[in-house]
Amino acid sequence: MPRRCDAVPGFGFSLSVTLLWLGGLVLLPLLALLLRPAELGPAGLWHSVTEPRVLAALRLSFGAALAASALNLPLGLLVAWVLVRYRFPGRGLLDAAVDLPFALPTAVAGLALTALYAPNGWIGAPLAALGLKVAYTPLGVGLAMLFVGLPFVVRSVEPVLRDLPREAEEAAATLGATRAQALWRVVLPALAPALLAGFAMASARAIGEYGSVIFIAGNMPMVSEIAPLLIVTRLEQFDYAGAAAVGLAMLALSFLMLLALNLARRLWRPA
Amino acid sequence: MSLEVAQLSRRFGDAQALRDVSLAVRGGEFVALLGPSGSGKTTLLRVLAGLDFADAGTVRIDGRDMSAVPARERGIGFVFQSYALFRHMSVFENIAFGLRVRPRAQRPPRAEIARRVEALLGRMGIAELARRLPEQISGGQRQRVALARALAIEPRLLLLDEPFGALDAEVRKGLRRWLRALHAELGLTSLFVTHDQEEAMELADRVAVMQAGAVVQFDTPAAILDRPASAFVAGFLGHAARLPARLSAGALHFDPLPLPPLPRAALRATPEAEGPAVAFVRSHEWRIRPAAAGEGNATLLHARRSGGREQLEIDLAGQVIEAEAAPGLLQPGQPCVVEAVTARAYADKP
Amino acid sequence: MAPGVSPTAEPRWLRRLLIGAAALLLGLFLLLPLAAVFTEALRRGWAPAWQALSEPDAVAAVRLTLLVAAIAVPVNMAGGVAAAWCIAKFRFPGRSLLLALIELPFSVSPVISGLVWVLLFGAQGWFGPWLQAHDVQIVFAVPGLMLATLFVTFPFVARTLIPLMQDQGRGAEEAAATLGASGWQTFRRVTLPDIRWALLSGVLLCNARAMGEFGAVSVVSGHIRGETNTMPLHVEILYNEYQFVAAFAVAALLALLALVTLAAKTLLERGTRRGLPA
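Protein sequence lines, in the order shown, are assigned to chains U, D and G.
Residue numbers for the first sequence follow our numbering, so the first one is 1 and each next one is one higher.
Residue numbers for the second sequence follow our numbering, so the first one is 1 and each next one is one higher.
Residue numbers for the third sequence follow our numbering, so the first one is 1 and each next one is one higher.
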């Protein structure tokens, strides 16, 4: 309970400021999002959200995001491992490079990825020769999501890896485990919660990602149209309620996903 | 099983952690590595386990040179100071680990593993903890799990790094007794590291006293107490007053302290040549009697009952010494006459 | 005795392989796109790129971007500090809920971050009719851009400060209180010096995001050239008009901003690790 005459001052003031700041800038707008679809009525809302185009967009956004984040797990683990366990020239540069997708404006990232993977791009051209089309396809969407999600996995795993006591691995060695066994049975399980958390954050980011994805996606309805784009389209058609409905659907699904991941994390600890 | 360490040296940057260490341990022995922190005992233990490597020297187990043998093949049980239990595994899984990771050919069937683990849990007295996680059990219990885990692989050598370091006094005493009984029952060659000399003296068959990376004495506890090899050893095995002295004219003089000199014959250890020396007098090697006011060379500061005797803190011309006496001999503040019956003296090299 | 491989290390060849793989991954995947931006921007040399940047619409976009950041960052800094203060130094019911709510904008799609303001202040929004009646334009005008940016960059400063201040605990502030310091004095003299580098780091990230935000501002902006376009929006317009060099030139400028932010952040972190007063 907040005490009166707390030794440390400023509680009342800081809390008021915080609530005002939070309320005005976050809660009020989100309230609008929650309430707007209500004007469609429950049936109307359901229809709006289960339209084939909407379902296709949600499937793409969520499917590609989960797949990309799953792929980011081994990739992010590799990078985190190399950064934490090894010393080599250029390590600092690599470390800074990990934060790039985080700091780079999304439109710039989107443009750059498109330039690279378009059929005439540096990477797109050789791939096209092999018959693989990346830009303007769901594959491109996944690639952009891979790009934005990597830092989340790396930064989530790094501190846990750093704090992992080496003695556990030494103990495993004295008990006769090979290096591979020690990594698989001792290190990896210890990293599992961090990996799961990284997966959750990467997925959340990828699902809602707009700028990085919009340039490289084909944006064709039912095929390569992501859910955020659908929201924009409906807004341009002045279908506010419909746009809000899709937004609500996205939030609801994301919330469920996070709940499931949290549950998984809690189940992991057998106690 | 025999363990032979020959001229092991190890340096970390500027510091010489092990200096030409040689040791021979017989099968079934319980050896303590005793010394202050930084004396190299943990380093030695880690080199034996294969967790670290010496710059020079050899380690032979049963006659076989261990330099090419990695840690996981040595068959040595290691109990870490921090226990290093696998946090995400239950007690049962921790203990079973060494058996589960064996190559197919040597791995016992599941039922057999369970049987062995349960037997160990029973012997360690922690059978009811099998399903718990390390974070849910106490320090003393974790220690036993760590021990059980090391024993599960049926090692030929057991190494313990400060096994009781993190536990409080009562628990420590109980575990000490228990470990001694366990060793008597198993007969497993064991080396343990400690900085607590009481512990080393109580548990070990032989003690290797280490100082600054070298073994300065390796002998039975009784022999070490009786004939410490150097001033360091004498001082490290506590409860002895350390007094500056001088050997001259065949006797040990304690000037400027007001103590009568001791003839050579009365000394337990004597420096070879005359000259400055350092002398150690144990608390039971003082003779004390009350003195009249104005006489006497010392005053009693404080008396503490310990068992059937009294431990006295006495101010001998500015130096505080600890002496043992019959209870009720003196009152605090009372003057007394103090004499050393015997001493161990070593040359005081600058 | 030959020093063998420590039991907790991988063999050297494997180490090299892993380092190489990680470097390849990061280089190919992260640095290459960056290189592509600069290459495309300078494809026809410096002159066209420079021209694209000095064009009036581009200049207006830069100015608008700076303006938006200049408002969003201080507001969210003040809010973030207040939030970090009450969350880190006190216990009260609803504290974890508050923490979760502050994180909310972080896990919401940028498009939704813009959508919510349209729902409030757009022509058909809650306050739409009222605004029209008073001839106030929020959405499709600069104020809308501000609000969207404020929403998106909301948690940045708070996120960097809260874990740090929680770690630091209340001890120092309690000591200051026993010595008679007022609230502001305590904050200025005791707390602030302890958190200044983290604060700076959070402000840097907040700024980078404020300047680079695309999705949210795209929704609320009218896309009116020279008036309601920030730099990222301007990039999109140029791209859609097939003015690739110009688009990449502006994108390159934004990329430079990102690089400067990263460099500054890295320096700050190295500084605190080496023991500069945190």
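Keep in mind that the hints were calculated from the coordinates and are not lab data.
One or more hints might be untrue.
Stated by the list, open to error - Subject to a maximum C-alpha distance of 16 Å in a straight line, what follows is the list of computed EDC-like cross-link-like pairs (lysine to aspartate or glutamate):
hint, chain 1, residue 1, chain 2, residue 2
1, G, Lys265, U, Glu236
2, D, Lys173, D, Glu154
3, G, Lys265, U, Asp239
What the hints assert, rightly or not - Distance ranges between label pairs, derived from CB positions:
hint, chain 1, residue 1, chain 2, residue 2, range
4, U, Phe88, D, Arg123, 44 to 52 Å
5, G, Ala263, D, Pro108, 56 to 64 Å
6, D, Ala56, G, Glu174, 30 to 38 Å
Cβ coordinates follow ideal geometry from the N, Cα and C atoms, glycine included.
Now for the hints, and whether the structure bears them out:
no.	hint	in the structure
1	G:Lys265 to U:Glu236	violated, 39 Å
2	D:Lys173 to D:Glu154	violated, 26 Å
3	G:Lys265 to U:Asp239	violated, 42 Å
4	U:Phe88 to D:Arg123: 44 to 52 Å	holds, 48 Å
5	G:Ala263 to D:Pro108: 56 to 64 Å	holds, 58 Å
6	D:Ala56 to G:Glu174: 30 to 38 Å	violated, 56 Å
This entry does not satisfy hints 1, 2, 3, 6, going by the numbered hints stated previously.
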